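K.L.:
Listed below, chain by chain, are the residues.
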Amino acid sequence: MSSDDELMSGGEMLARALRDEGVEVIFGYPGGAVLHIYDALFRTNDIPHVLVRHEQAATHAADGYTRASGKIPVVLVTSGPGATNAITGIATAYMDSIPMVVLSGQVPTNVIGEDAFQETDMVGCSRPIVKHSFQVRHASEIPGMVKKAFYLAGSGRPGPVVIDIPKNTTAPGEQYPYHYPKDVRIRSYNPTTRGHGKQIKKAADLLVAARRPVIYTGGGVIQGNASEQLIALAKELNYPVTNTLMGLGAYPATDRQFLGMLGMHGFYEANMAMHHADLILAVGARFDDRVTNTVAKFCPEATIIHADVDPTSISKTVNADVPIVGAATQVLEDLLKQVRHLKGKKDCAYSSEAIDRWWTQIDAWREAHGLWHAPRYQSRSDDIILPQQVVEALYRVTKGEAYVTSDVGQHQMFAAQYYRFDKPRRWINSGGLGTMGFGLPAAMGVQMAFRDAHVACVTGEGSIQMNIQELATCTHYNLPIKIININNEALGMVKQWQDMQYGGRHSESTYADSLPDFVKLAEAYGHHGMRVEKLSDLEYAMTECFSQRDKLVFMDIVVDPEEHVYPMLIAPNGSMRDMYLSKTERS
Amino acid sequence: MKRTLSLIMENEPGALSRVVGLFSQRGYNIETLTVAPTEDETISRLTLTTSGDDRVLEQITKQLNKLIDVIKVLDLTEKTHIERELMLIKVRAEGEQRAEVKRCVDIFRGAIVDVLPDVYVIQLAGSSSKLDAFIEAMSEAGILEVARTGIAGIARGAKAFRV
Ligand SMILES: Cc1ncc(C[n+]2csc(CCOP(=O)(O)OP(=O)(O)O)c2C)c(N)n1
Ligand SMILES: [Mg+2]
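Protein chains in written order, with the numbering used here: chain A, 1 to 587; chain B, 588 to 750.
Just so you know, the hints here were simulated from the structure itself, not pulled from any lab data.
Be a bit skeptical, because a hint or two may be false.
[As the list claims (entries may be wrong)] Once the Cα atoms are required to be at most 30 Å apart in a straight line, the calculated DSS-like pairs of lysine-lysine come out as: (1) K659(B) with K202(A); (2) K202(A) with K235(A); (3) K653(B) with K182(A).
Please read all numbers here as calculations on a predicted model, not as lab measurements.
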């Protein structure tokens, strides 16, 4: 602190600290406990603020913004209901390791604990779903806490950080010298960024000696901006790559070496390759139960190298033979260097013939059941639209260049399977928590980050209704999102499970008679609505939709309600090679 | 298997609840837990005992290390170490019993810290099994109340576990 530090109130310090941190957008909603902050923002600040229509949407919008851009946004909500409304979005971000800083108002310090009006223990409520949290005790702590919050949110394994701010600490009356720290050191927090040299060597030896290798990567490669390094390593070795639902786009989908997504609704060739592999290199993935199927039967013949920035991810569900703690970029670079070094030696174990044989096997799997090899779906009648065809049309019309957000359900899986992402940060969905209602607000965040880009929200008539109020926010800020509502008149994914496991009893999963007229609904908010019912209209309608650059278009596309998502891993007790491939076939 | 972990962590509000929350959130159990600031006011030392196989313990240790407030975690179970627990116990001590209880306290090297006509309050420190044995010995006299602190632990030798 020096003598020329400017004097400011807590509210002003907060506003200034956000600017000094380089924050480019705030997603928020005002209320009593944050009125001092909103007033300070009004008076002193030039950071754009997006006024959402529900606090959950503020967190999802912030989430979409950072997934697409890599920049860390801020969420600002009031105490009590404002804070609890934000909880679902914080949990969503936490599960997918998405950085964000959430500022929640709190009742004044002197009444905390007295069940004051709009008091909720936000630090307590959010504790299991944040990377860390702070509560301001004194206004003078604000700049330092903001600095720490951003540092923690974005470094190591990223995640949401909450700062709980009692109203009195932002009051305009009291002023303190403002100083924004240049850097920050937290003695109890030193994330490892570089994998251990000995482990890298061990891993590289195994890599070049592999005969049936698979590179399996997750959200960590996207969040860690390691796509380039992944491609370089895969190309050097000519090894197949599969991505998790969270990791799509890390490896170009249109490249021959890409096997598609793996896991529950993953590609046949990806799941088969995993099951038969003798070596798996996992990077920034966490062996989620939706990937492994029955852990005891997971990849029975494989040696597993597992690199992750978070040591707790390693050997949590599946034991790693070679654990490497480090950032994805660094680990992949070091591996590439070592692999090149080994390949330069005369007696290197690498065998391109063996890898060719592995590719022959993989290509046979592809040919048999690969989703991109030939259409695997079958229409019941010529003019009924299938959900897969909607995503394919979207892919063609946007030339694979759109940012695609999604909700949760069958439509999400179809989007993940049929939109081929060639670039990271283009596919934005709630993978870990599976939050219906994520898609539209996330798309708002993406569009805020990239005002001129095509942003499509692939959703279902169930999910879209969970945050439909955000259509107003889109009007407010002219966000020309394209909503692709795959309307199967049901909670399709629930219905699919009921078809497969509950004798087709559709308990509370249909509501055809109470669906709104989505076209009129969109129009009521000032947007453009379209309804598409026939396959022969689909392509034209999709083109028409994306030609409207400046308007939000709501495409309500009626699809076959009977369609199921396949492949689907057989559970319980199945391995990764056990899949349903259609209503009548299994692997 | 029983494990004793020692943690050095920031003496910050909320730090303890994060440690405790982690155990319930991830389905691990805590058997005993003691915590207090150290000679350095900014740091707390926590000893906890839990149970689990190697795999569970590895996860617990990693998860604890991941908490921002936790500076270091040490598994004392793997080292030669000292564990002590303190107990305050209120027992009935009337008539002939009085002398018997007193003798027992002496044998266990405890101390009588409050004396009433028919009751003693006894202080006893030592390993948990010693405390268990004393409770067993007092059961006939009649135990009115037991307050145990849980284990505090430290590794043997000159090497210090600190920031
Ligand atoms: C907030 C929330 N509630 C419930 C669920 C459980 N769930 C998963 S998919 C699904 C159905 C989604 O329906 P819709 O959005 O129409 O998508 P569809 O499966 O029909 O494509 C439900 C209810 C969830 N994931 N999230
Ligand atoms: Mg639906």
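K.L.:
Take the hints in turn and mark each one as holding or not.
P.N.:
Structure-based check of all given hints:
no., hint, result
1, K659(B) with K202(A), "28 Å, holds"
2, K202(A) with K235(A), "20 Å, holds"
3, K653(B) with K182(A), "25 Å, holds"
This entry satisfies every hint, going by the numbered hints stated previously.
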